[in-house]
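Asker: Sequence:
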Amino acid sequence: ANDYYLNLIGFTREELEQKQVSWRTITPPEWLPADELALRELQERGTCTPYEKEYVRRDGTRVPVFLTDALLPGTPEQIIAFALDLTERHRVEEALRVSEIRFRTTFEQAGVGVAVLTPDGRWFQVNQKLCDITGYSAEELLKMQVGDITHPDDLAATQECMRRMQKGEIQSCTVEKRNLRKDGSCVWVSVTVAQVRKTTGEQDYLIAMTEDITARKQAEDAQEKLQLQLSQAQKMESVGRLAGGIAHDFNNILQALMGYGRLLVDTLPRNSESYTYAKEIHTGTQRAATLTRQLLAFSRQQVLEQKSIDINDLVQNLLKMIGRLLGEDVEMIFKPSAKNLHIFADPGQMEQVLMNLCVNARDAMPNGGNLEIEIHDKVLDSSYCAVHPWAKPGAYALLIVSDTGTGMDPATCARIFDPFFTTKELGKGTGLGLATVYGIVKQHDGLIHVYSEIGQGTIFKVYLPLTEEAPEEEDMFLPQEIQGGTETILLVEDDEVLRMLACRILEPAGYTVIVASNGEEAAEQMRPAEKEIQLLLSDVLLPKGNGQEVFQVFHQQYPAGRAILMSGYGSTILKDGFWDSAQGAFLQKPFGPQDLLTKIRQVLDAPVPDS
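Heads up: the sequence shown is residues 151 to 761, going by our numbering.
Because the hints were derived from the structure by calculation, they are not lab data. Please note that a few of the clues may not be correct.
[Stated by the list, open to error] Calculated cross-link-like contacts (lysine-lysine; reagent style DSBU-like; alpha-carbon spacing at most 35 Å): (1) K542 - K528; (2) K293 - K332; (3) K611 - K457; (4) K611 - K485; (5) K367 - K611; (6) K367 - K317; (7) K749 - K681; (8) K375 - K470; (9) K348 - K592; (10) K485 - K470; (11) K457 - K681; (12) K429 - K470; (13) K528 - K592; (14) K470 - K681; (15) K592 - K485; (16) K375 - K485; (17) K375 - K528; (18) K367 - K542; (19) K489 - K470.
[What the hints assert, rightly or not] Simulated restraints on C-beta separations: (20) D209 - D282: 52 to 60 Å; (21) Q373 - Y601: 16 to 24 Å; (22) S340 - K489: 50 to 58 Å; (23) K489 - A756: 32 to 40 Å; (24) N421 - M482: 39 to 47 Å; (25) N490 - I604: 52 to 60 Å; (26) A756 - A659: 15 to 23 Å.
Cβ coordinates follow ideal geometry from the N, Cα and C atoms, glycine included.
Model the full assembly from the supplied sequences, consistent with the hints where possible.
Answerer: Structure (structure tokens):
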């Protein structure tokens, strides 16, 4: 025996030569049949088939060996044996077996889809998670290529990724794409592909990990929609402030036109041509005032005269007028709610909302069609609002105006409430109708939403908060006679034309008028303690102070005095609780002479508030 064999079995040469040990004594019993088979082959052929067995070493440990035997020529009783220690090989094989088990466990139990693919994109090994994501069985996937389940719109990006890896430009890549499931639905996935190359440098196979990102994509889409809605709201808010400023300046101009126009109408002979001209001027001014009210409604700075009204009655009273606006080609259907629904709203502005929506519907049906007005009571809960970001929880009266017109695409729907945006021909619309509706609804703490499809018509849904307060019975026979008085009025107005106009209205009515053009002049006029002033009539925006500051000085000097503040803006320009300490009122420009005289008497004749 050579040294290798001696080291293998752990015995010395002397022990072998003295026959203290033989191949039989170091062979475990279970391996003796293999040895017997080898001996028979030796006797028959002179050689035996190589085989594996184990030896028991001197220290009692076992060693695996690879053994082959042969008879020495001319000596039938002598055998030469070749033994190879398999310990290291068995260790490597065991490590490979454990590694294979670990890989298989990881492969099958991975939280993402894992697959091994050929360079041309064919699967030859897939795990269960990938089957769950795609909806196909492993057997089905192994007959398919990646492109077979890739959405057509995403196929080019997938192919480009694989092409670049095949050329060696990149070692791996990640693609977000849509896969087509077996049931026809789409699933968003993120696929990371890495390549394994042969020693020659050629591409051997690909390993792909697929993660289902559908939930993430849905969340991103929802976030994007919310961001767009926020941007839209911010844009509308900015444009609203601009519109409010334009309306304020325009209202000051209209104040002079309306006031002097009305004075002309009241003083000129009715049968004169000048009277006709003056009347047209006054009528045109009123139309312009309506436009500025629309701008203020959009900017949410319009003065509201809110009260409890029944929305069914409001719509019912407008049906005849709406019918005349629609014409004979449009059939109108009104479906009131089964019970009375009370909302706290400005009746005039609610009428404006309904009229604008109906006119918009009519214009969308140039060849005629159907217009339907419905009223329902609706409760929006938190679960509904979670799905519809534009909504907020509460109980509402739901006004629905639907038509069978041309409809709108999503891009048009997204801009439909923008001021000055119109789909009508030049000169056919101002682009303020639906912007006004939007402003009025928001000013009433309501919600508005539009649904539309090309060729399917449009549905506007207006949600107005319900109130438990019942509508009051109105006296329809209010006295129309305008009375003047003898009180002294401090008039504070920075516009000289408007100061002169106010004096020409007030002085003929019997009032004594003291004028000031700014806050400092107003304070000067109030300084003599013996001067009696019963009413402050002041613009809100003034040089050297403002109307609210002037009122504070006036109230200290004349605690029992009354006040009327005027502005081209709405009453929202005043601080909250401004009138809590004294009797006063707000008058929005533009207003006519009778409006001013009536408001003055209402304020002066009102009872003294409780202190």
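Asker: Taking the hints in turn, state whether each one holds.
Answerer: Tested hints:
{"no.": "1", "hint": "K542 - K528", "verdict": "holds, 12 Å"}
{"no.": "2", "hint": "K293 - K332", "verdict": "holds, 14 Å"}
{"no.": "3", "hint": "K611 - K457", "verdict": "holds, 22 Å"}
{"no.": "4", "hint": "K611 - K485", "verdict": "holds, 14 Å"}
{"no.": "5", "hint": "K367 - K611", "verdict": "holds, 29 Å"}
{"no.": "6", "hint": "K367 - K317", "verdict": "holds, 31 Å"}
{"no.": "7", "hint": "K749 - K681", "verdict": "holds, 23 Å"}
{"no.": "8", "hint": "K375 - K470", "verdict": "violated, 40 Å"}
{"no.": "9", "hint": "K348 - K592", "verdict": "violated, 68 Å"}
{"no.": "10", "hint": "K485 - K470", "verdict": "holds, 15 Å"}
{"no.": "11", "hint": "K457 - K681", "verdict": "violated, 40 Å"}
{"no.": "12", "hint": "K429 - K470", "verdict": "holds, 27 Å"}
{"no.": "13", "hint": "K528 - K592", "verdict": "holds, 18 Å"}
{"no.": "14", "hint": "K470 - K681", "verdict": "violated, 56 Å"}
{"no.": "15", "hint": "K592 - K485", "verdict": "holds, 24 Å"}
{"no.": "16", "hint": "K375 - K485", "verdict": "holds, 33 Å"}
{"no.": "17", "hint": "K375 - K528", "verdict": "holds, 25 Å"}
{"no.": "18", "hint": "K367 - K542", "verdict": "holds, 25 Å"}
{"no.": "19", "hint": "K489 - K470", "verdict": "holds, 22 Å"}
{"no.": "20", "hint": "D209 - D282: 52 to 60 Å", "verdict": "holds, 54 Å"}
{"no.": "21", "hint": "Q373 - Y601: 16 to 24 Å", "verdict": "holds, 23 Å"}
{"no.": "22", "hint": "S340 - K489: 50 to 58 Å", "verdict": "holds, 53 Å"}
{"no.": "23", "hint": "K489 - A756: 32 to 40 Å", "verdict": "holds, 37 Å"}
{"no.": "24", "hint": "N421 - M482: 39 to 47 Å", "verdict": "holds, 42 Å"}
{"no.": "25", "hint": "N490 - I604: 52 to 60 Å", "verdict": "violated, 38 Å"}
{"no.": "26", "hint": "A756 - A659: 15 to 23 Å", "verdict": "holds, 18 Å"}
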